[in-house]
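One line per chain: the protein sequences are B and P, in this order. Just so you know, we're using my numbering here: the first sequence kicks off at 1 and counts up by one. Just so you know, we're using my numbering here: the second sequence kicks off at 1 and counts up by one.
Hints in this document: simulated from the structure, not taken from any laboratory. Owing to the predicted nature of the structure, the values given are computational and were not obtained by experimental measurement. We treat Cβ as the ideally placed atom computed from N, Cα and C, and that holds for glycine. One or more of the hints may lead you astray.
[Said to hold, decoys possible] Facing chain P, according to a computed beta carbon distance under 8 Å, are these residues of chain B, among others:
#, residue
1, Glu46
2, Thr54
3, Pro61
4, Val62
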Amino acid sequence: MSVDTERTVVVTVNGVPREATVPVRRLLSDALRHDLGLTGTHVGCEHGVCGACTVLVDGAPVRSCLMLAVQADGHAVTTVEGLARDDGRGGWVLHPVQEAFRECHALQCGFCTPGFLTTIAAGLHARDSSAEITDEEVDELVGGNLCRCTGYANIKKAVKHAAAAMAEDAR
Amino acid sequence: MKPAPFRYADPGTLDEALAVLSGEGEGAKVLAGGQSLLPLLSMRLAAPTTLVDINRLPGLDTVEATGDGVRVGALVRHAFLLHDDAAARVQPLLARATANVAHAAIRNRGTTVGSIAHADPSGEMTAVLAVTDGSVSVATPSGTSDVSWRDLFVGPLETSLHGPAVVTSAFFPAPPSRSGTAFAEVARRKGDYAVCGAAVVVTVDENRRVTAVRAAYLSVGLVPEVHDLTDAVVGKPVDSADWAAAGALARTLVDPDGDLHASADYRRLLVGALTERTLIAAAAEAAGRSL
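Bound conformation, chain B alone:
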C-alpha cells in the first residue's frame, strides 16, 4: 500500500478529462483554481461555512474546500464554468439559473455567486419541475450559502424565476 505526499489524479472537469500532479494536501478548490486555471470557483471561508466554493461532484453539490484533490480522482466535477452551454454556433447559452440571476439582479459583488449557481442548478435539476417551487424549498436550497451583499431577496426571486423557466423548457 503506497503512502504518498504527491499524486497524479485524473478528474473529468466540465466534461473534459484533466490530469494534474498535486501534493496530497491540496484542496479540490485550490486544484481547480491553481492547477487547472478554473478561477470561477471562489474560496471564501475555507472551512465549509460560506458555500462560495461549491461544485458538483458526480452531479451533487459538494464544498470543494472540504475535499482533497486526490479524493476527486476518477470522479466528474462540474464548476460554474461548466453551467453555460455551447450553442453550436461559436457562442454560449447561459444556464437558466445564470439567466435568472442576471434578470433578477441576484448578484452584486459576485463573490458568492459561483457557489449559489452550482447549488441552485443542481437542486433545480434534481426536483420535479412540474410542481411549482415553494418558499420552503427555496430557503432550503439556498440556506447553505452566504451572501453579504444582496440580502437574499433577489437570489430567492431568481430561484423561482429559474424554476419557472426550467419548467417551461421541460414542457
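Since the structure of chain B is already known, use the hints to place chain P on it.
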C-alpha cells in the same frame, strides 16, 4: 488556511487500512467524509501525520434496517440516510436528526458514522446514538468489537479508541414498542451548529400511561448524556401529562457551558423549552402507536 503537510493512503481493503494505520503510528487519522476533519486541518487545529482515506473500502456504504434497529455503514452519507425510508420506519430519530445536520452540500459528503467517531457534543448523531442506547462496531488488527456509546465518548472530539482502529458501522436500536420520538434544535442559522438541541423518546404502557422518558441534548456538556425524565410524568396519561414539568426537571439535570453564541443560563432555558416541545410531539406519536 491550508492543511499542514501530511501523508495520504487510500487502501482498498479493511486489512490494508488497519495495516497502514499500524505502520504510520499515533499520528495517523482516518478520513471518511471529511466534513468535520478537513476544517480542523485547514484551521490547523489538527495536524495528523497521515490520512488514511477509507472511501474505497468495500461494503461500508449500506444501511441495514431490521426489527431490532438500524445498522449504518461507515461510508453512508447523511443525505443517503436522510432518504432511507426503511431506516426511518424502524428508528424515526435517524431521519429527524439527519435533516438538521448542516446543509445539503455537507450532507452529500459527510458520513453519519464519521460524525459519531468525531465525537462532537454538538453533533446530532452523537446525541441520537446516545438516546437510542446505540453502539459502534470497531475493527482493529486484533479483531472486531462492539463499543457502547457509554464507553465511546470520553470528551469533546475525543473517543476511547486508541491505536489503529476503524469504526466500520454504528447501530441504532429501534425504540421500545408503544414509543414516540422527536428531535428539535435551535441554531443561529439553519444548518449551523446547534446552540442547543434535544432528542427524546417517550414510552407508554397498554393503558397509554407514561412508563419512560429519555432525553439527550446537543451542545450541552462535554460528551453526550442521556437524562431520565420519567419521574416528572410517570404513570400519567400520555394525552394529559405535564410535559412542562419534564422540561423543568431537565433544566435541573443539565450543566451547560456558556460561549460566544449562548450563555449557560440561556442554554438551560433552551433545554427546558426544547424538552417540553419535543416531548409533546413524541407523546402524540406514542399515543398514536398505542391505539
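Hints, one by one, checked against the model:
The beta carbon of Glu46/B is positioned within 8 Å of a beta carbon in chain P (closest approach about 5 Å), and the interface hint is therefore held. A distance limit of 8 Å between C-beta atoms decides the matter here; for Thr54/B the minimum to chain P is near 5 Å, and the interface restraint holds. The beta carbon of Pro61/B comes within 4 Å of a beta carbon in chain P, closer than 8 Å, and the hint placing it at the interface holds. With a least beta-carbon distance of about 5 Å to chain P, the hint placing Val62/B at the interface is held under the 8 Å criterion.
No hint from the list above goes unmet by this structure.
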